[in-house]
Amino acid sequence: MTHLELATDDGHTLRQSTVETSPLAIRGLTVSYGEKPAVFSVDATFRDGSMTAIIGPNGAGKSTLLKAALGVIRPLSGTVTVYGKPLAGQRQRIAYVPQRASVDWDFPTRVVDVVLMGLYRQLGLLGRAGATHRAKALACLERVGMADFANRQIGQLSGGQQQRVFLARALAQDADLYLLDEPFAGVDAATEKAIIDVLKTLKAEGKTVVAVHHDLATVAEYFDRVFLINVRKVAEGPVGEAFNAENLQKAYGGRLAMAQIENLQLTAG
Amino acid sequence: MLVDALTLQLGYNATLVAVGAALLGISAGVTGTFLFLRKRALVADAISHATLPGVGLAFIVMVALGGDGRNLVGLMLGSAASAWIGLLCVQAIVRRTRLAEDSAIGAVLSVFFGFGIVLLTVIQTMSSGRQAGLDGLLLGSTAGMLRQDAIVIAVGGALTLALVMLLRRPMTLVAFDAEYARSIGVEPARVDMMTMGLVLAVTVVGLKIVGLILIVALLIIPPVTARFWTERSERVVAYAAVIGGVSGFVGAAISASAPALPTGPIIVLTCFTLFVASLFLAPRRGVLAAYLHHRQFQQRVHVRQGLLALAQQQPVYEPLTIRLLARDGLARRDGVPTDAGRARAARALRDEHRWQIVQTLPEYEAVSGLYDGLRDIETVLTADQIAQIDGIIGGPREMPA
Amino acid sequence: MSGAEFVPLSLTPILIGIFTAVACALPGNFLVLRKQALIGDAISHVVLPGIVVAFLVTGTVAAWPMMVGAAVAAVVAVVLIEAIRRLGRIETGAAMGVVFTSMFAGGVLLLERSDTSTVHLDVEHALMGNLESLIWLDADGWHSLLDPVALAGLPPELPRIFVTMVAVAVLIWVFWRPLKISTFDEGFAQGVGIRTGALGMALVIVSAVAAVAAFDAVGSIIVIAMFICPPAAARLMTNRLEMQVAWSVVFAVISAVLGYVFAGYGPLWFGGVNAVSAAGMIATTSGVILLVTVLFGPCRSRTGAPSEG
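Residue numbers (the working numbering), protein chains in the order written: chain A, 1 to 269; chain B, 1 to 401; chain C, 1 to 309.
Because the hints were derived from the structure by calculation, they are not lab data.
Backbone N, C-alpha and C fix where the C-beta goes; we use that ideal spot for every residue, glycine too.
Hints are not guaranteed to be accurate.
Stated by the list, open to error - Facing chain B, from chain A, some residues (calculated, C-beta under 8 Å):
hint, residue
1, E35
2, K36
3, S41
4, G49
5, L76
6, S77
7, T81
8, Q156
9, N230
10, V231
11, R232
12, A245
13, Q249
14, G253
Generate coordinates for the entire structure from the input sequences, incorporating the hints supplied.
See the structure below:
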């Protein structure tokens, strides 16, 4: 991979070549629900092989940014490229983990069937899941510590278990870029540990991980890059540089007390 | 003929029916609004279809007791009883099982209606039955109506309206704020049941005029139409009453003016005409207004984004943005800004910087949430406040040429 | 009962009832899971204006124009519902109520105002169908099933609804995975490139085609009962979608057979002499099955974890 840009992480003049190699590059993205833009004129260039946290206050457009990047929501303006090409031909390279609460867990299906959904592109329309596919789904469940639950009805899972099943489904996709929407929201400590271990393994394998994240206290521990957003982009860069008091103040404004920021023991901004 | 009908010149029966239909329309509009505000519009569909077995059983019972099976009051009582059972079934299914309300409504309305049809075929074969004009209750039929039925309809319409007026206050309270209503001792669940009771009353009175298949339209279309004209709930109630009343009156009159104009469908289509007009022409929510507004909004976003890009000397990516900038004389077709464009761009960027500062200052917390990339900062801050912020920035920066 | 009596008088109505019930119950499973059961209600109402307009345009009651007319009406209805919902920011239920009642009213009015005396098209028929009349007079026993001359005299509704049922089943089988994925998790489905909007519309069109083929034979009530009751009852029997669909087919078949038998012979048991509406009885039977599962179904309660935890 060629990273040609030189220390320009404040995001103004990245060279075009970075956009071409970036797993996910967003230019001038504006998304609006009705009259008020939820995301305004955002540029983002996620780095290949990095683990990036998207952070910002509630209603800052974090999930909207992910959904627009996936083409789930249609933006008012802006372009999205995945590995330098338009999204349409690149979907097999992306795995998406939606918010757990976005689905009805009373749906009549089993855990292993949910994971098999991750093989959709591989199987195509008429392909039916065979023994190898089941083995693969089980292996993915194993990676998130859920192999024993394969035949459970999904309604019987706890919140943390649901989240792990969603992650297993993403693993089954064998993607290069993983987009996760609040993977740690409302999960137990064991699940949080299991998920972050899997994500770190992915990074070690050279995959790219982008996650909407809420808990500022764990940003530095879990991620190597941050993307701060509050309707527009506030900052983007390595945790050591961009995750500083000044940027947090810009993103969260009065909603984050100075004392909280000091508790994070950041490098000076 | 139509003019005669509209001016109540078609005889005593037609006049009574038109007045009854108007009163029914007003009651339906008001009741329907509360139903609509509680997002339960289609429960009314289950209630109205569930009247059919009651109608059939009432007929059979009245004949068995040696009376006239077509007695309208008896049929109305029977229909009310079975509709109430239908409503209880919907609620029991939703509460006791994993099925959602839509499935419960669909199941109840189709099964009750199906059973009602079974009873109708039983009646057809009864020696005293011979169809008995009960089909008229499916789609409404006021042609050749008995004097006494016309009186029942007019009185029924008036009674329903009186009931609506009586229950208006608690229903309003619950529709606006169910939590608050509970806190002052008005139990939302009970008020909801009262609303359902009114739906039942409207359905039963409307059986003969609109028919049980279409009566639900009179409960749903007026509030939906009214919603296009106002954002305020209490006005929705008033407008829905007017729309329902006009539809009932005009529809009944048109239907009486010529043969082969079944009352129910005509009333519903009158109402629908008002709806379509509102859908397109309403001043803010109408299709036309909304389309123009959306285009304008999208153009504002593009121009603003383009200006910010120019100010930061970034390339403008989107053709539409460049076109819009060129149209406003802010940039050339190749994306190079004009002088006017440079000035506007610098102002836009300055506003962005001001907003950034505003968002970091705790004292402006209330204001900073208003940021959406488009709002001019002058509209939310005073000149003094802006001056203070500019002091922090160090004055507007000029854009390098 | 002997074949000589059963085959000409009861076999074809029973088969038509079964095929109808299954053709509607299959897509009904997805409608129920998507909380779109009332789309089935809306479709069954707008089939009438679709058919009437098709008749007015073509001047015949041939099957194909009717099918096309009904499918177009269903699409128009869904587009209108969606437009009203978005433009007016009106909840789906109310938007549906506006559209299907108005279209139905329009259909009734058109029917009353046009001369349909020469063809078999009236409101009562549209609501109740006439399953009992779809008899096979050319048959005189089981051996007629192998007699080409007798087979040529089959009521045309039978092959039509059979083909429709097979087509619906094949389509559901082919699109099983995208349907299942997008019903469970629409966001993820879009993420893997499933065109959920088009798929949802296709489901509605398939339902509409099933509805119109069925409508022709059995009227609109049993159509909506079959869209909703067997899948809803099946939902309370199992926690697997595959099993749910299987149960719904079983329930649909039972409703059709028992409903027809009760309608034809039930009154005799009670001393009556005339049969009652078979379509109405089939709907009633499906309701009784649903009632039993509501009271005793092994999976009748909601599952799903609390949001925390």
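Here's how the hints hold up against the structure:
no.: 1; hint: E35; in the structure: 7 Å, holds
no.: 2; hint: K36; in the structure: 5 Å, holds
no.: 3; hint: S41; in the structure: 4 Å, holds
no.: 4; hint: G49; in the structure: 26 Å, violated
no.: 5; hint: L76; in the structure: 5 Å, holds
no.: 6; hint: S77; in the structure: 6 Å, holds
no.: 7; hint: T81; in the structure: 11 Å, violated
no.: 8; hint: Q156; in the structure: 13 Å, violated
no.: 9; hint: N230; in the structure: 7 Å, holds
no.: 10; hint: V231; in the structure: 6 Å, holds
no.: 11; hint: R232; in the structure: 6 Å, holds
no.: 12; hint: A245; in the structure: 10 Å, violated
no.: 13; hint: Q249; in the structure: 5 Å, holds
no.: 14; hint: G253; in the structure: 4 Å, holds
Figure legend: structure checked against the earlier numbered hints; hints not met, in rising order: 4, 7, 8, 12.
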